[in-house]
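**Q** From just these sequences and the hints, can you work out the full model?
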Amino acid sequence: MRVGGTSGSSDSPVVYSTFSRHHLQPRGPSKRSGPLEEQPFPGLLRSENLSREELVDVLRAAVVDQKGPLVTLNKPQGLPVTGKPGELTLLSVLPELSQGLGLRGRQLQLVHASGKETSGLVLLSTCPQTASHLQKFFIHSRRSQRPTATYCAVTDGIPATSEGKIQAALKLEHTDGVDLVVPVKSPSRKDILEGVKRTLSHFRVVATGSGCALVQLQPLTAFPSQLQVHMVLELCPVLGDHTYSARVGTVLGQRFLLPAASTKTQRQVLDEALLRRLRLSPSQATRLPLHLHLHRLHLPGARPRDAPLELLAPLPPYFSRTLQCLGLGQQ
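For the sequence shown, the positions run 1 to 331 when full-length UniProt numbering is used.
Bear in mind the hints are in silico, worked out from the structure with no lab data behind them. What you are looking at is a predicted structure, and each value in this text was computed from that prediction instead of being measured. No residue lacks a Cβ here, since even glycine has one placed at the ideal position from N, Cα and C. Among the clues, some could well be false.
Unchecked claim - Below, a list of computed lysine-lysine pairs in the DSSO-like style, where the Cα atoms sit at most 30 Å apart:
(1) Lys84 with Lys116
(2) Lys190 with Lys264
(3) Lys185 with Lys165
(4) Lys197 with Lys171
(5) Lys136 with Lys197
Stated by the list, open to error - Quick list of simulated restraints, FRET-style, between CB atoms:
(6) Ala261 with Leu50: 34 to 40 Å
(7) Gln135 with Ser186: 19 to 25 Å
(8) Arg189 with Lys136: 26 to 32 Å
**A** So this is what it looks like as structure tokens:
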């Protein structure tokens with residue numbers, strides 16, 4: 001549910017930076033670029049088809065910053081960070097990546113990353129003390145409700161207000177062999193003790209077009225699929241959300257929220273006009289990747305007097321293509 005919304009609120013604790021069109025562009029032209037109709041998802045990684053060596057090569061090419069013990073990657077959408085033993089994940093190839101980056105025996109460890117379906121920044125470190133310091137920084141920032149991460153998303157639908165905050169109590173529920181996030185109304189103390197968590201995100205609409213929006217999102221709490229579920233509660237699911245978007249129903253052009261407990265997961269359904277704008281067939285739309293990208297991280301300087309660090313990850317090519325199709329990149 002939305003607990004606050006403004007068109008330029010002055011009392012919001014969040015500080016939004018303006019999207020730079022340069023920062024949002026992919027790094028250099030793609031050699032595989034072609035007509036939009038021929039390549040609906042340019043640059044999309046199919047990690048299940050990669051060998052370990054090929055994945056390491058992909059991740060080496062995805063390095064966007066390397067300073068001291070810190071290594072920053074622009075993670076491809078669809079690459080799992082963790083998984084079961086034997087599965088090909090980001091964590092599983094960190095030893096080979098450390099070697100491939102010439103770190104001379106220093107092993108990379110994970111500091112910060114988003115989930116499998118999200119693209120964008122992954123922060124790694126070769127120094128356990130630095131990793132521990134930054135993890136404590138992220139925890140402290142959440143407790144004090146200071147944003148450290150900025151995501152960009154394309155939503156199917158436009159939020160009712162241009163800026164605001166979304167607050168909801170969420171829990172993980174195991175249904176049909178899958179863990180799904182479910183909102184909880186008016187949680188009791190018992191609910192909180194049993195795993196229900198109060199979550200909070202800030203949002204700002206950057207551009208609108210074709211019934212869609214380019215939105216900045218800043219989570220102030222950490223919960224699985226928090227941003228996806230929050231945008232569903234705004235009746236504006238993230239484009240490519242094939243898990244939670246079915247919870248938004250439409251009757252006579254009016255959207256409403258369906259009960260999460262009785263709504264089955266299904267592929268996102270887009271109306272014909274939007275499919276035409278995206279230049280996708282219905283079958284192609286079933287493979288639409290999640291348009292949620294961790295674009296920016298704010299970190300403290302290495303020493304107390306050092307200036308804060310800002311890390312940036314350009315958008316994936318398929319994300320930029322979507323902005324072009326919807327006219328969201330020219331505003």
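**Q** Does each hint hold? Answer for all of them.
**A** Taking the hints in turn, this is what the structure says about them:
no. : hint                           : verdict
1   : Lys84 with Lys116              : holds (13 Å)
2   : Lys190 with Lys264             : holds (27 Å)
3   : Lys185 with Lys165             : holds (17 Å)
4   : Lys197 with Lys171             : holds (6 Å)
5   : Lys136 with Lys197             : holds (20 Å)
6   : Ala261 with Leu50: 34 to 40 Å  : holds (37 Å)
7   : Gln135 with Ser186: 19 to 25 Å : violated (32 Å)
8   : Arg189 with Lys136: 26 to 32 Å : holds (28 Å)
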